[in-house]
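**Student:** Protein chains in written order, with the numbering used here: chain E, 1 to 442; chain G, 1 to 442; chain R, 1 to 442; chain W, 1 to 442.
Because the hints were derived from the structure by calculation, they are not lab data. A virtual CB, placed ideally from N, CA and C, is assigned to each residue, including glycine. Treat the hints loosely; a few may be bogus.
[Unchecked claim] Result set (DSSO-like, lysine-lysine): computed pairs, CA atoms no more than 27 Å apart in a straight line:
id, chain 1, residue 1, chain 2, residue 2
1, G, 441, G, 349
2, G, 293, R, 293
3, G, 349, G, 435
4, G, 363, G, 308
5, W, 184, G, 184
6, W, 349, W, 436
7, G, 281, R, 293
8, G, 293, R, 288
9, R, 349, R, 435
10, E, 288, W, 288
11, W, 436, E, 281
12, E, 293, W, 293
13, W, 312, W, 363
14, G, 312, G, 349
15, E, 363, E, 349
16, W, 346, W, 436
17, E, 281, W, 288
18, E, 288, W, 293
19, R, 441, G, 288
20, E, 349, E, 288
21, W, 281, E, 288
22, E, 441, E, 281
23, R, 441, R, 363
24, E, 349, E, 435
25, E, 293, W, 281
26, E, 308, E, 293
27, R, 349, E, 184
28, R, 441, G, 293
29, G, 315, G, 349
30, R, 363, G, 288
31, E, 293, W, 288
32, E, 346, E, 308
[Claimed, not checked] With the C-beta cut set under 10 Å, the calculated list includes, among others, these residues of chain W facing chain R:
id, residue
33, 77
34, 84
35, 87
36, 88
37, 89
38, 101
39, 106
40, 112
4 protein chains.
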Amino acid sequence: MTFVSDLLASVSRRSRELIGLKAVEAPPRHAADVTALARTLLSRRGEASGTAVARAILDAYRLLDAPGRLAVLRDLSGGFGADRARLDAAIAAYQADPSPACAATLHAAAEPRRQELIRRLNLAPRGTLDLVRLRDDLLAHLPDNPDLKVLDDDLVHLFSSWFNRGFLVVRRIDWSTPANILEKIIRYEAVHEIRDWDDLRRRLQPEDRRCYAFFHPRLEDEPLIFVEVALTAEIPGAIGPLIAEEGTPLAADDARVAVFYSISNCQTGLAGISFGSLLIKQVVEELKRELPKLTTFVTLSPVPGFAKWLAKERKTETGFLLDEERTLLDALDALDWRADSLRAQKIDKLLARCAARYFLTAKTSGNRPLDPVARFHLGNGARLERINTGADLSEAGLRQSHGVMVNYLYDLGRIEENHEAYAERREIVAAGPVKKLAEQKG
Amino acid sequence: MTFVSDLLASVSRRSRELIGLKAVEAPPRHAADVTALARTLLSRRGEASGTAVARAILDAYRLLDAPGRLAVLRDLSGGFGADRARLDAAIAAYQADPSPACAATLHAAAEPRRQELIRRLNLAPRGTLDLVRLRDDLLAHLPDNPDLKVLDDDLVHLFSSWFNRGFLVVRRIDWSTPANILEKIIRYEAVHEIRDWDDLRRRLQPEDRRCYAFFHPRLEDEPLIFVEVALTAEIPGAIGPLIAEEGTPLAADDARVAVFYSISNCQTGLAGISFGSLLIKQVVEELKRELPKLTTFVTLSPVPGFAKWLAKERKTETGFLLDEERTLLDALDALDWRADSLRAQKIDKLLARCAARYFLTAKTSGNRPLDPVARFHLGNGARLERINTGADLSEAGLRQSHGVMVNYLYDLGRIEENHEAYAERREIVAAGPVKKLAEQKG
Amino acid sequence: MTFVSDLLASVSRRSRELIGLKAVEAPPRHAADVTALARTLLSRRGEASGTAVARAILDAYRLLDAPGRLAVLRDLSGGFGADRARLDAAIAAYQADPSPACAATLHAAAEPRRQELIRRLNLAPRGTLDLVRLRDDLLAHLPDNPDLKVLDDDLVHLFSSWFNRGFLVVRRIDWSTPANILEKIIRYEAVHEIRDWDDLRRRLQPEDRRCYAFFHPRLEDEPLIFVEVALTAEIPGAIGPLIAEEGTPLAADDARVAVFYSISNCQTGLAGISFGSLLIKQVVEELKRELPKLTTFVTLSPVPGFAKWLAKERKTETGFLLDEERTLLDALDALDWRADSLRAQKIDKLLARCAARYFLTAKTSGNRPLDPVARFHLGNGARLERINTGADLSEAGLRQSHGVMVNYLYDLGRIEENHEAYAERREIVAAGPVKKLAEQKG
Amino acid sequence: MTFVSDLLASVSRRSRELIGLKAVEAPPRHAADVTALARTLLSRRGEASGTAVARAILDAYRLLDAPGRLAVLRDLSGGFGADRARLDAAIAAYQADPSPACAATLHAAAEPRRQELIRRLNLAPRGTLDLVRLRDDLLAHLPDNPDLKVLDDDLVHLFSSWFNRGFLVVRRIDWSTPANILEKIIRYEAVHEIRDWDDLRRRLQPEDRRCYAFFHPRLEDEPLIFVEVALTAEIPGAIGPLIAEEGTPLAADDARVAVFYSISNCQTGLAGISFGSLLIKQVVEELKRELPKLTTFVTLSPVPGFAKWLAKERKTETGFLLDEERTLLDALDALDWRADSLRAQKIDKLLARCAARYFLTAKTSGNRPLDPVARFHLGNGARLERINTGADLSEAGLRQSHGVMVNYLYDLGRIEENHEAYAERREIVAAGPVKKLAEQKG
C-alpha cells in the first residue's frame, strides 16, 4: 500500500487535524469523501493548509476507479454552482440599479463556486498537470454525460487563462534534448508513429530535420504540442520518401523548403485550447532566422474526410460527377485499385479534381470546410497550395483519402490577410490552380 | 519623434489597413482614439492582427499625458461593462430555469467586456508589464475617482489568476546576479535605502547576507518582491548594527538565526496580490536546506502605528496608563528624550509594556491588529516573539515608534496552526513574555 | 564523395593557396602526403592558416585505411624528433656552462618537434577528440610496433597536461540527461552491459540509482569515465540482485550504503591518463552532501585474475593448498560445480581463503597486487573490505573468479593515509577479517 | 589572524602529519620554508596529499611580504633545475646512440623539475589563478633580476599549453552580465577609463554598443581580455564623440561599421600569451552573424610611439622633413598649438604625412614596426586603413601622438593573406592612400 502511505504522508499530521481528517486511517476511497474534502477546501478562510488539502483531493481522485472518478466529476458538475440566494439578491440589486458596480456584483455572484475550487486545486504541487488529466477523464465521459458540460466550461475558461500564449515557450527538440522529454515525443506522435529510439533519432539528428515544441512553465517536462519539419529542395508531393529510413540528408544550406509533416497535440486534456497556429508561426520565424535561404514553408497534410465525402457524392446521381466518372471511381472499392497503373493515372487525375471540389465546396453547417485539417490550417492563415495524388499509399492513407494529401502554404506576409478572410468571411484561400481544378468540368 | 515612429512601425502596414488605421499618419494622441481602438480590438473575430492592435493601444496609452491617461481609465470603467440586453435575457432565462447551465450562461453574460479586453491586451508583447503599470496609474487616481473601482476589480481578478503562486519562481540575488536586476533591487528597496553599488555589495556579498526575490515568467527581469536576510548568532534587538558598514561577517556555518530585516514590494501595480507570505516560507526552507544549523527564523520589523496610537492613549485619562506613567511619557514630546539615559531606561521599560498592549489589544474595525506589519506577519502564521526598545534610533524610527521594533518568529512547524488561529479566530499569536507584558499593571 | 568535398571545403581556397595545396583536386590519400602536410604545418611561421591545415591533416588521416594510418603513425614516430644539429650545439653549450639557462636551452633543443606538431593539431576545431582517437589507433598497433612508443610518450605527455584534473567537470547522468550523451553511456558501459534504452532507464531513473561522469571542456558531449551507483541498506554481497529488472526501489532516504558497482572508461585513447580515483572521491563527497544518512561507500568489484592464479596454485604441490583442498577444488573444472550445494558451500569457504591469500600475497614483479582492479582501488586509497563468494554467477564471473567478488571501502577520512601506505610502501590495506582469512591454515 | 587559521585549516590535520608539518603551529612565514615545502611536494610519490600541500604553498607565498616573495621566486629559479647527474647520463647515452628513444630520454632528463612543480601547484583549488598572479609578481621583478628568466620561461611554456585557444570561450558582456564580472570590466579597462557603474552602463546598454570577453574554464569569473565595440554609420575619425555621455544611440539595424575602440588585457600575469587576435576575429564573425548589414570592421587605435619618434626626426637635419616643415612643427612644443586653427590645420596635414612615414618606415631592430599597437594589429592580419589627425584631443592623446589616431581594418577575407605577408615577409599592409601619403614629398 505504498501509494496510500505516500498520500497520507503528503498531508502532514497537523494539516489533517486542522481539516478534520484526524480520524481517517486511509485516504478517502469513495467519491463522496472526495467531494466532501472539496467542500472543506472551498469553505475555509485560512489558506495555510490549502495546498495540502488540494494535493490530497487530487491524489484521492486518482486513487479512485473509473466509476468513482465519474461520480466525483458529476458531483462537481451538479453541485458547486453559484449560491442561489446570493445570486437572487444580486439580480434584484442589479435590476433596481443597473450600474457597473451592481453588474460586477452580479457577475461575481453568478460565478460557480466550482471555479474557485479549481483555482485552489491548481495551487497544489503539480496541480495543473492533474487538472489537465482530470479534464482528459471528463472528455471521455462527456458524450454520455452532457451534465458534465458545465464543469468542462469552467475548466476551459480557466485553462484558457493559465495557458494563454504569453506563457508558452518554444524549444527546439533534437538529439541532445533530455531523454525524459524525448520519450514523450515518441509516445505522443499521433500522425506518423515513431517506432523506437532509433526511429526517433532519424527524425531529429539528420541536418535536414527539425522538431519544435511548446512548453509551459507549470508543466515543465511535458510538451504541449510539437511539430516535425523536413528541409527539402522542392515542395514534396508524397510522404513516403520523407519518412523513409534510408537516404542521404540534404545539406541544410541547400534547403529551400521547410515541410511541416507532422503536428501532434500531447495533452488531450487541453483539447480546444489552441496552440498550433502560434507554434507554426514561431517556427517559421525561427527557421527563417537560422536558414535565410528558405523561401517556402508548407505542410504535407492528410485529408481525413475526403473518402467519406466522395463515397456520398458517388451515390448522388445529380451531383457534379458525370456518369462515366462515377463508373471509373467504382474501382476505388477494390483495395488494389492502383495495380492497373494506366487506370490509376486516370483515377488520380479525377481524384485531384474531386479533392479540389471537396475543399472549396464541402462545408459544415457553420459554413466552414468539412475537412478538419483544412479548418485548422486555413484558420491559421495558410493557403491551400497543392493537391497531391498517390501521396500516401499506406493502408490508412488509401482508406481515408484514396492516397490524396495536400500542401498548405504558410506565407508570413499573407498570414494575417488570409486569416481575416477566413475568420471574417469564411473564404477558402487557395492557389489559382486549385481553384481552377475545382471549377473544371469532367 | 523617434518613439512615435517606433510605434507606427510596431503596427505593420498590413495590420493597420486591416484595422482601419490606414489614414492615420501618427498614433492616436487622444484618449477617445485609444478607447476607439480598444473597441476595435474587442469587436474583431479574427485574432491575427490582435497582438499588433493590443500593442498599439498600450503604446498609445503610454504616449498620453496624465489627464489623457485618466480619461482612458474612466472610459474603460464607464463603458465596456456587460451587454445590458444580453444580461437581461440571461436573467430571465435563469429565473425561468435556475439550472447550472442557465447559471453559467448568466455568469458569462454578466462578465464585463472589460475583462476580455484586458485579456487581449495581455497578449501583446510585454503586455503584462504594461498592464501592471496601467494599474499603477489607476491606483494613484482611485482615491479621487471611485468610479475606477470596477476596472480595478477586473484587473485584480485577472492578475490573481496570472500571478498565482504556481507561476512564481524564487531566485537568490547575490553579487553574481545580472546588473540589470541588481539596479532594480537598489531602486525598489523600500525599508532601508541602498545608497549605491557599494552599499548594495555590502548587502549581498558577505557570507552572512542573503537576498531572495520572486520572479514571474512573463516579467522576466522584474523582481516582484524581495527579502534581505542577515545571518546572526542571536536574535537581534536593533537594526543599526545589522546594516552598519563596518564589521567582520559571521562565518555562515556559525550562524544560528536568520533575520529577515527588509521586505520590499517592487511593483506597486500588483498591490493587493500577495506574495510575501509565500516568499518567506520558501526562503526559510531554502536556508534550512543550505545551512542545517540554523534554528531560528525571525524578522526585525518596524512598528509603524505605535507612536500614533500611543499619542491617543496618552490623552485618554480613563485608559490603561496611570497618571504617573502619562507624565513620564510626556518626555517623548521632546526629540532628544533619550539624552537622559536613566530616564530613557524607565521610559523604554514602559514603552515595552505599552507596545505589548498595542499589539494585543489595538484592533481595526474588522477586529484585526491595528499595526499593518503585524497584520502581514501574523497573517502569514508568524508569532510575535519579542519587543525591542531603543531598536531603531533613526529619526523615522523615533517618530513612528519611539525606537521600538519587534521580532516575528517563523516556526515552520507552527505556521499553519498560527495562521489558522489568526485567520479563523482573529487570535494574536504571541510569545508568553509578550502576553505577560501586555497584562502587567503599571 | 561527400566526405571528400567536405574536407576540401574545410580548407578555404585561400588557405590552400597559401600552403601550396593549390593544385590538389582531392585531399591527400597517401600517408606520405599527410606527413608532408604535417611538415608544412610545422614549418610555417604564420599561424593564420594553421587551424585550417591542422584540420586538413586530421581529416586526411581519418580518410586513410588502416595500413595508411599506421604508415603516418610510423612517420611521425621516426621523423619529427629533435633537430640533431641544434641539439648537439645545445649539449656542447651546456657542457661548457651548465647554468640553468643553458639547461633550459638544452631542454628546448631536445624537445621532439613532434610535440609542437601535436600542439598545433590540437588547435583545429575538434582537434583534441581526433588526437584522442589517433592514440586509440596507435595503442592497437603498439604491441607490434614498439617504435611507436616515442609518439605515444609525446601524446601522453601532452594529454596529461590538457586533461589535468583542474579541467575535469563531474556531472550527474540521469534520465533527464541529453540523449546524445546517454547513447554513449549505453555504448561505453564496459562492466555490466546495458542492453537498450529501457535497461538504461532502469539504471538511471529509480531513486536508489545514481550515475556520474567526468567531462572535459574540449570534449563537450563525450564522457571520459562514468560510475554507476546503487543505494542500498547493507553492503551487498552479490551483483545479481543489484542489476535485476524487477524489484521496488529503496527510498533514497532509507539508504545507508552507496555501492559503486560499475566504472567504465569511455576513451581508450586516454588510457593511462587516470581520472577514476578523482571521480570516485568527488562522487562520494557529492552523495554525502545530498544524502547525509549515507555512512558507507563501497564497490562491488570483479576479481579478474583470481581463477587464473588459482589454477596455477592448484598445480603447485608445494604451495599453500593442502592436498585435500586441491582435491576439493578439482570440482571447479566442471562448469556445474555449484549444483551440489553442500559441496559448493565447502568450496566457497575455501575459495574465500584462497582469494584473501591472492590479494595479500600475489604480486607483480613491481611488488604490486597481481589483480588489476585491486591495483586501481588500493591505489586510490580504498581498503579491501570483504570477500564475497557466489557473488557473480554469470558465466564470465564463474570463469574468471569462480563467482568471487569483493568490496573495496572508500572511507574519506582514511583515503589519504591508505593511498600513501600503498604508494610509498606497497602495503595492501585490508580489513582485519580479510587479513585473518589470508593467514588461516586449511 | 583569520587568514592564518584559514590556511592551517586548508591543510587537513592528517595531510600535515603526512608531509611532516606536524610540529608547525603556524604556516611558513619565511621564503626558505616555502621552498622547503615545494621540495616536499615535488619529492613525494603519493599524490593524495598533493593538492593540500600545493594549496598550502600558494597560500604561504601570498602571506609573504614583497622581499619574501622575491626570495621564493629566486629560489625557484636557482634551484629546481634538471638533475645534473641524470642529465649527464642522458647526454652520454644520446651521444652513444642518437635514436628517437634516447633523444626522448634526454628531453625528459633536461626538463627542469620546476615544470613538474608548477604542474603540481596548478592542481590546487584556484591554483591556476594563483600561478598567474605569481607571474605578475615575477614580471615586476624581472628587469632587475634577469636570473628569474628561467622561471618565467617555464611559466610561459605551461601557460601556453593551459591557455591554448581551444579552451578560450568568448562571451558577450552586457548590462545583464553578473555584477562580479562587470566590476572587473570597470577595473581592467586600460584604454579609456570607466569612471563608475553609470559610465559602464553607457558602454554596454545602448543598442549601438557591444562588448565581448574571453573566459577560460579554470578562471571562471575572470575575463582574460575584452574588447569594446561601437556600431556606427561611417568609419569614425575621432574618439571623443564615441565615448561622449550624451547622444542618441544609432539603431543597430542602421549600423554599417563596427569599431573596436578599446582592447584591454585583464591578467598581467598572462602577458605574452596572446589572445587578442583570436578575440577580434571571433567577434567579427559573431557580429556578422547577428547584424548582416555590417560591412566594415575597424579599430580606432592610439599611436603611442609617434610623438617620441617625431621628436627625434625633428632634430635630424638630414631626415625627410624640410626645414620649413621642421619650423612649422616647432609649434608642437607648446601645449596649446591647436588654438591657432589655421596653423593647426597646416600642422595636421603635415602630421598625417609624418605618421604615414612613421608606420611604413620606422622599424625595430627585428624589422618590425616601431609602433607596438601596429605590431599587434598588423600581426593579426589587419590593414592600416586611415590616419586621423585631431582624433584624440585629450592631454594623453596630444602628448603621445599629437592627437593622431588610426584605423586598422579587419577584412576577414584578407586576414590570412595580410597576416602571412607580415609574418613571413615583414610587409606593412596599408591602404593605398596611406602608402601614397608616406611617399609624398613636402
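**Student:** Does the structure keep residue 312 of chain G and residue 349 of chain G at a Cα separation of 27 Å or less?
**Tutor:** This hinted pair holds, its Cα atoms lying about 19 Å apart.
**Student:** Tell me if the straight-line CA distance from residue 288 of chain E to residue 288 of chain W falls inside 27 Å.
**Tutor:** holds (16 Å)
**Student:** Check the hint pairing residue 346 of chain W with residue 436 of chain W against an upper bound of 27 Å on the C-alpha distance.
**Tutor:** Holds: residue 346 of chain W and residue 436 of chain W sit about 18 Å apart, inside 27 Å.
**Student:** Take the shortest C-beta to C-beta distance between residue 106 of chain W and chain R; is it under 10 Å?
**Tutor:** holds (5 Å)
**Student:** Below or equal to 27 Å on CA atoms is what counts here, so check residue 363 of chain G against residue 308 of chain G.
**Tutor:** holds (14 Å)
**Student:** Take a quick look at whether residue 349 of chain E and residue 288 of chain E sit within 27 Å of each other, Cα to Cα.
**Tutor:** violated (35 Å)
**Student:** Hint check: residue 293 of chain G vs residue 293 of chain R, CA-CA at most 27 Å. Holds or violated?
**Tutor:** holds (16 Å)
**Student:** Please work out if residue 293 of chain E and residue 281 of chain W have their alpha carbons no farther apart than 27 Å.
**Tutor:** holds (25 Å)
**Student:** Between residue 349 of chain R and residue 435 of chain R, does the CA-CA distance stay at or below 27 Å?
**Tutor:** This hinted pair holds, its Cα atoms lying about 15 Å apart.
**Student:** Quickly compare the C-alpha distance for residue 184 of chain W and residue 184 of chain G to 27 Å and report which way the hint goes.
**Tutor:** Status holds; Cα separation ~21 Å.
**Student:** Starting from residue 281 of chain W, check that the Cα of residue 288 of chain E is at most 27 Å away, please.
**Tutor:** holds (26 Å)
**Student:** Need the status of pair residue 441 of chain R, residue 363 of chain R: alpha-carbon distance at most 27 Å?
**Tutor:** holds (20 Å)
Going down the numbered hints, you'll see the structure goes against 11, 19, 20, 22, 26, 27, 28, 30 and 37, while the others check out.
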